[in-house]
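Protein chains: 2
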Amino acid sequence: MDFSQYIRDVKDFPKQGIVFKDITTLLKDATALRAAGQQLYEFAKDLKINKVVGIESRGFIYGLALADKLGAGFVPVRKPNKLPAETLREEYTLEYGTDALEIHKDAIQKGDRILIHDDLLATGGTAAAACKLVEALGGEVLQLSFLIELGFLQGRKRLEGYDIKALIAYNAE
Amino acid sequence: MDFSQYIRDVKDFPKQGIVFKDITTLLKDATALRAAGQQLYEFAKDLKINKVVGIESRGFIYGLALADKLGAGFVPVRKPNKLPAETLREEYTLEYGTDALEIHKDAIQKGDRILIHDDLLATGGTAAAACKLVEALGGEVLQLSFLIELGFLQGRKRLEGYDIKALIAYNAE
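Residue numbers (our numbering), protein chains in the order written: chain A, 73 to 245; chain B, 73 to 245.
With the rest of the complex left out, here is chain A (with noise of 0.2 Å):
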């Protein structure tokens, strides 16, 4: 299936001279959502992967369905002061600014085979710092999947070393 036929680009949002690339277009099609289920299944099916790690909040649209069909289990990454217990935190650059994700301390455990998942990969910061959560409880990172890559923002770059996967590469702006 071509999955981009079912992504809505959004002129100047959320700012001026930002083309968004909005996917709500491709989950409201029955069809579309489970095609897109099962190639992200397919990318991991073998890694014996045992914890989806879903980045919050358009991470978690996937992350749960994927660890469903893998067997695993679910842990979300989420925003600062989200999440209730004891936690882990790593800050992280954006374009403008910096921005922290937490997960819960006792969600990982040594030797977990992990799959990071969001919807979509643009500079790669936020699942650099989501990998760093990851690893410093234990954790093996053994695929970042997502729905979109923003090829043309070097994402892979900053994740050298990581199985990267998306449904749809943009290679130009």
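Every clue listed holds true.
Chain copies aren't distinguished; within one or between two, either way the pair holds.
Straight-line Cα separation of at most 30 Å, BS3-like style, residue types lysine-lysine; simulated pairs:
id, residue 1, residue 2
1, Lys151, Lys83
2, Lys120, Lys177
3, Lys237, Lys117
4, Lys237, Lys154
5, Lys83, Lys204
6, Lys237, Lys204
7, Lys204, Lys182
8, Lys154, Lys182
9, Lys117, Lys182
10, Lys83, Lys182
11, Lys154, Lys204
12, Lys177, Lys83
13, Lys87, Lys177
Bear in mind the hints are in silico, worked out from the structure with no lab data behind them.
Given chain A, work out where chain B should sit, using these hints.
Quick look at chain B alone, frame taken from chain A:
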């Protein structure tokens, strides 16, 4: 399966005096994760649902998996200014102050058969706002499903007439 044994009580979160029902301990367990998804599916499988509406952000977690199992599309309802295309907005009252939810105007067609999913039914304000958005676009709300219902907060009263399902109900504080 007794799902309640997988829920963790976290005292004084998000503020003093509140006992937070933490679902992450259920999600990280592969067996409980799958059984919970199956039960949510069983609740709705005969309703001919064609779209599942998930409420940001924890409603995204099982929302897409449910849509996948039901052969439906998935529609996110989000906090203001997160959805990129044209939206409808509904304000609702919280314990202190007001908040709002948005839905894409083209996400629901007249006659769509809708399941609304969120992690938690508390006072029902958020779910009632989601119902209004769906109905304003011509959708029919066939079921509201939750992982947890805090029965003592009387959310069902605010949602009278709807089919409400929850995996776990707490009837005392």
